[in-house]
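**Q** Starting from the structure of chain A, add chain C where the hints point.
There are 2 protein chains.
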Amino acid sequence: MEPEPVLSRDARTGEIRARIGAEADARAVDAAVRAADATRDALADRPRRAALLRAAAETVEARADALIAAADAETALGVPRLAGELARVAYQFRFFAGIAEDGGYLGVVIDPPDPAAVPPRPELRRWKVPIGTVAVFAASNFPFAFSVPGGDTASALAAGCPVVVKAHPDHPETSEFAAAAIRDAAVQAGLPADVLTLVHGRQAGVDLVRHPLISAVGFTGSIPGGRALFDLAAARQVPIPFYGELGSLNPVLITERTAASRGAETAAGLVASYTLGQGQFCTKPGLVLVPAGPAGDALVSAAAEAAAAAAPGALLDARMREHFLAGFAARAALPGVRTLVEAAAAPTVDIPQAVRAGLLEVDAEALGPDSGGSDANGASTGELLEECFGPVTVLVRYRDMASVESVLGRLGGNLTATLHAEPDEPDAARWVARLARFAGRVIFGGWPTGVAVAPAMTHGGPYPATTTPTTSVGGTAIDRWLRPVTFQTVPTELLQPELAKPG
Amino acid sequence: MEPEPVLSRDARTGEIRARIGAEADARAVDAAVRAADATRDALADRPRRAALLRAAAETVEARADALIAAADAETALGVPRLAGELARVAYQFRFFAGIAEDGGYLGVVIDPPDPAAVPPRPELRRWKVPIGTVAVFAASNFPFAFSVPGGDTASALAAGCPVVVKAHPDHPETSEFAAAAIRDAAVQAGLPADVLTLVHGRQAGVDLVRHPLISAVGFTGSIPGGRALFDLAAARQVPIPFYGELGSLNPVLITERTAASRGAETAAGLVASYTLGQGQFCTKPGLVLVPAGPAGDALVSAAAEAAAAAAPGALLDARMREHFLAGFAARAALPGVRTLVEAAAAPTVDIPQAVRAGLLEVDAEALGPDSGGSDANGASTGELLEECFGPVTVLVRYRDMASVESVLGRLGGNLTATLHAEPDEPDAARWVARLARFAGRVIFGGWPTGVAVAPAMTHGGPYPATTTPTTSVGGTAIDRWLRPVTFQTVPTELLQPELAKPG
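Protein sequences appear in the order of chains A and C. Position one of the first sequence corresponds to residue 680 (our numbering), numbered consecutively onward. Position one of the second sequence corresponds to residue 680 (our numbering), numbered consecutively onward.
Source of the hints: derived by calculation from the structure; they are not laboratory data. Please note that a few of the clues may not be correct.
You can't tell identical chains apart in this list, so a pair holds if it fits in one copy or across any two.
Stated by the list, open to error - When the alpha-carbon atoms are kept at most 25 Å apart in a straight line, the in silico DMTMM-like pairs for lysine to aspartate or glutamate are as follows:
{"hint": "1", "residue 1": "1180", "residue 2": "681"}
{"hint": "2", "residue 1": "1180", "residue 2": "802"}
{"hint": "3", "residue 1": "1180", "residue 2": "1106"}
{"hint": "4", "residue 1": "1180", "residue 2": "793"}
If we strip away everything but chain A, and leave its shape as in the complex, we get (with noise of 0.2 Å):
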């Protein structure tokens, strides 16, 4: 049989721009998966580790040109927003090549002898090692920072894992881009290419997680695709840790005092939120608690005209451009549902493709738990606790916070909740602990879009936010491709030297 070819499509008009190769096939799953693996004992080189995330750093910036042209094509995110990804992504492979270098990630503890331990301690030094090769899938909303060059291909690299890479069928030209140039800085810092090696094809996702050397999974993407790759991984014969993010409603809590204090600046923070990138972001605010009254009013009406003015714009690909519309009129149409603006298709001459921003309305007392979330006729308003792709959000009335908490009570776990309320409310730590509850990040006046790659950065949170608890952005993203392993009366001279420290 043929294998598929892999299309190059242009985002904003839907037509193929270039053929891309072919799907693998489960022979070149193989391939790569062996070629990537054989490069783990060249990888153990933990200061070339670090001289390789410079130097893919440094070939991501000498190339950023048609790194960001076929990402533009392709994705449709436009040239500013790509060249900030770009830098983000030089920023990360720097952040991580630091991360490798200092080594406090290895977790090196060592316990010296102790007899009057229960039972008696010998010597003991522990610290992680890599897991093995891992398979990352990449992303359609970052084709740079959630893809092929992105924090999971850097983060396991700095851990010192290969990686081979199923690319997103939204931009494959820029995947081959994008493993060229590591894969080049690879043989500049003296290592093997393969240390990434790259795949294209929907089955050679599944035929790449089912891999005997495969150690373990990141993943970004949907909770229908993830969660299928994450149920493989765990029927495997050998099951493997599958760190996949996959979605998020995102909730925005806005107090009384906030919406009359900063009514106007805070419905302008939002509607910049959630349409950025075309609400393609996994941190989204989708769900925006705003007080009944006239402080909220006028702050429903701010947002509904800065939302009306968002300039239109393409979707990633066509089926997204479908979903969103589908998934818009169908929260419409719910029970209590007010449209402030309506999300439609806004076609000019060179975006045939575009879509413009929509926003929606709905007392709290509609989401209730009482109600189940359904009229008397099945219809589900629980569809409106669910994260819809693209530049929509959900402004939910509440009275009191009484039905804040019936509301926040119905979410499943979420990458970030927001607080926005004034520092000297009474009950202002008491929410920001609420939301921690459901959330990995609690963000305190501001917008959850925007993820800083940073020592203390949290990207996850319990399911579907993440499948498992851990980050896929920031320093502690490196523990994921790790496992620990402890020697016992190991003489040192035999150990590599971070663990021959005196104990």
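**A** For chain C alone, kept in the frame of chain A given last:
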């Protein structure tokens, strides 16, 4: 339907000694989970948790006589061993009290704002919070240290997670006594007794793993039982981490030089280790690579002599006894396998259920990868590479290091791997590194049985040793019950004191 009674049996005679309540039906499991979950807020008080753990150490010490008497009757492990195990448990409670007090496990990271970062970094404050209410499955072979008052319970309570224990059917009375000791300790520390609840019954375990309020599972037991529960945890609508310790062969490599210089001592140490606790340790050395030739022959003879002289004893229950005797017979019947000491029933008046230890020998060639572990008739020598619970080990005679490599290459993940070599042997460092590739703890010149409770301990390894890259013993065992949360630009007066330090 009448709930099934829970029966306590005498392990030495196999006779019923007491009825201990009834198995928990779905309603009882739900009640146990809800009661425990309701204590989450109370357990958020870290100093109080430490007080609970210290009080638990005291209550188990104060009730040692009753606990040990029940455990000795139910497990036949003997008073000296059980007294030591209980002392270990008390030590472990105090160890985790110290970890809770210290707070280093919280992983606090504070990033000041950095406008030069890409993207610019807001102030971030990260730590770890309790994951929620957890289920702990007790093991058969450690009625204290890996059961109700064991490491999973101590580390989960230290993390701030309420615990629902599924008792092991081999020691229900011991479990009830231990649960009462911890519950009483909670009350002494000013906490609700329900920080720990207890259920009995196989179906209760299934219901527990499926319960929506259970956020993670700790398990120590067999591969089939653990895998079934792992699969349930992964198949939940909201999957949860399943920290299972399932099985391990714990290979030992003895070099030619060590066999020649310390053969008799090594043989004695090996037999003491594999017959300890009637071979019912998860770290029992189950496969020992011994050189061919005269030095190896002498070591084997010495081991056979010591094994034949080992005192018979009862296994934990009748099913294990049958499995052990059948497992020994099946391995002894494999082509190329030589029985050095035959495992057999060895009943006495006091211990009708007693068995005596066995010892097997096989040439490495019989296990080589070329044969695929099967002879022409399909008989599989691969069984020799699987754990056999009870007092038996397999001596594998090797001619050269290539032969050793071909055996190691056929092994799955292991909790431990042990090297008996001379520190100045040219390949010693290489063998240490090789063993670390498939094991969580590498022991040099010692024996794997005996797992120290220490900051640097790793008790875990690639599957099937454990289902996740974590440890169930030692300071970092607490990490399993936590998830990270980051606070972004949250005023410090709204945060816990641990996070309110200057950035």
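**Q** Tell me the numbers of any earlier hints that the structure contravenes, in ascending order.
**A** Of the numbered hints given earlier, the structure breaks just one, which is hint 1.
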